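Put together the whole structure using the sequences plus the hints.
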Amino acid sequence: MSTEISQAEIDAIYPQVAEIVADALGCDEDEVKPDSSLINDLDAESIDFLDIVFRLEQEFKVKIPRGKAMEEARGELSEEEFEQGGIVTDAGLAKIKTYLAEIPADRIADPLKSAEIPKLFTTETFCKMVVREQKG
Amino acid sequence: MSDHFRAFSFVDRILSDKQGKAIVGQYQIPDLIRKFPMSLVAESIGQCAAMSSMAAVNFKHRPVAGIASVVEFCGCARPGDILKLEVSLTRADEEAVAYSGVAWVGDKPVAKLSNCLGPMVLMEDFDNPVAVRKRYQLLVDSGAEPDAFGGVESVDFESVEKSDGEREGQFTVPHEAAFFGDHFPRRPVFPGTLLMDLKLKFVADLIVDLEGGPWTVVGMQDVKLRSFMPPGELLELSGKVDKIDGEQASILVQSRKGKRRNSSARVMLEKKIL
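Protein chains in written order, with the numbering used here: chain H, -15 to 120; chain R, 660 to 933.
Treat the hints as calculated values from the structure; they're not laboratory data. Here the structure is a predicted model, which is why all the values come from computation and not from measurement. Just so you know, even glycine gets a beta-carbon here, dropped at the ideal spot from N, CA and C. One should not assume that every hint holds.
Stated by the list, open to error - Label-pair distances were calculated between CB atoms; the ranges are:
no., chain 1, residue 1, chain 2, residue 2, range
1, R, 860, H, -10, 37 to 43 Å
2, H, 64, R, 824, 54 to 60 Å
3, H, 42, R, 915, 26 to 32 Å
What the hints assert, rightly or not - A few chain R residues that don't get close to chain H, going by computed Cβ distances all over 10 Å:
no., residue
4, 690
5, 828
6, 930
Right under this line is the structure:
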């Protein structure tokens, strides 16, 4: 299975994903940008993440398994290799930066608490989740 | 007497349950209460889904109110009526329950819920897992005694006209109420369906004043509860006309705690008399 995702693949679904994010968060579509942090910029709560994933699954006829993003971000690292005491390890941080390549490096704190990872998720992150499932 | 399984429980028999897939339940609305709001009919559908989903995860988790994409009020339920509750679940795991359901009185549907999603929380944080499991078994085996519910106290709210087609106000979640003993014993929170009922009352004046009427509330859409409402919490309310399109209209109603949006819903209106 190819995990490479092209910008064209993201662009193809971005309008639908942005509409879903705007609907779920009750904001104007203009406020939703590819690099908007859903939590920091758009005030999303955990229920909104569930809502967005639920809507994406219905719209794109894919199944996005629970914890899929974290699992993919971790790659081949074990949980212990990825985080220790709630803090992402150096190896884990490198994985995060690769997996969330769309996120500017200066937004990723070092040290990074694992509980803070969802704050990094952007609209584009959700586009990539959908594309991965479509390709998978 | 404990309020647990009495003050805010609206399933008194489980007729069949394919755990996490489909459940049919029943609730007899007590004769002696004055009225049974449609929001509580919606609650009974949700509680039926909750029973099946809790059984599916071995009572380690329980769902709480989250999202209802579409709530249709298509009839009336009166004291003395028996609600038949039919729910199909598309998901029931440690993260969420997803379901749709219908409440029937006789051969007529009175309320329908579509595409609902409830996040799961740890049961032991909210309720006694052993007691809930025992309650489930009672409902499956012989059913619970009807007439446990004695009605809910109405919650006061303030409402003022902000501009034409727009109102704002506030309310405080009661510090004490019988329903907190049931919702939930270990962590009392204001039920989302009572907020739904309060919102319907809050927008009543907007509906009366809305041009082109008379309008009838036929349901709600995009109902979302984003955070818990503990006893004593002050919430601000806002309602504004969202759309008027021929025979249909909608009003967007939200609650906020400070700057953070706590809940939102669209009240759907039609030019018809139920």
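Against the structure, the hints come out as follows:
1. Between residue 860/R and residue -10/H the Cβ separation comes to about 52 Å, which falls outside the hinted range of 37 to 43 Å.
2. Against the hinted window of 54 to 60 Å, the Cβ-Cβ separation of residue 64/H and residue 824/R comes to about 58 Å, which satisfies the hint.
3. Taking 26 to 32 Å as the suggested C-beta distance range, the pair residue 42/H and residue 915/R conforms, at roughly 28 Å.
4. Under the 10 Å C-beta cut-off, the non-interface status given to residue 690/R relative to chain H holds; the minimum distance is some 37 Å.
5. Distance check on residue 828/R: its Cβ is at least 19 Å (rounded) from any Cβ of chain H, clearing the 10 Å threshold; non-interface status holds.
6. With 10 Å as the threshold on Cβ separation, the claim that residue 930/R sits away from chain H holds: the shortest Cβ distance comes to roughly 26 Å.
Hint compliance for this structure: hint 1 alone is broken.
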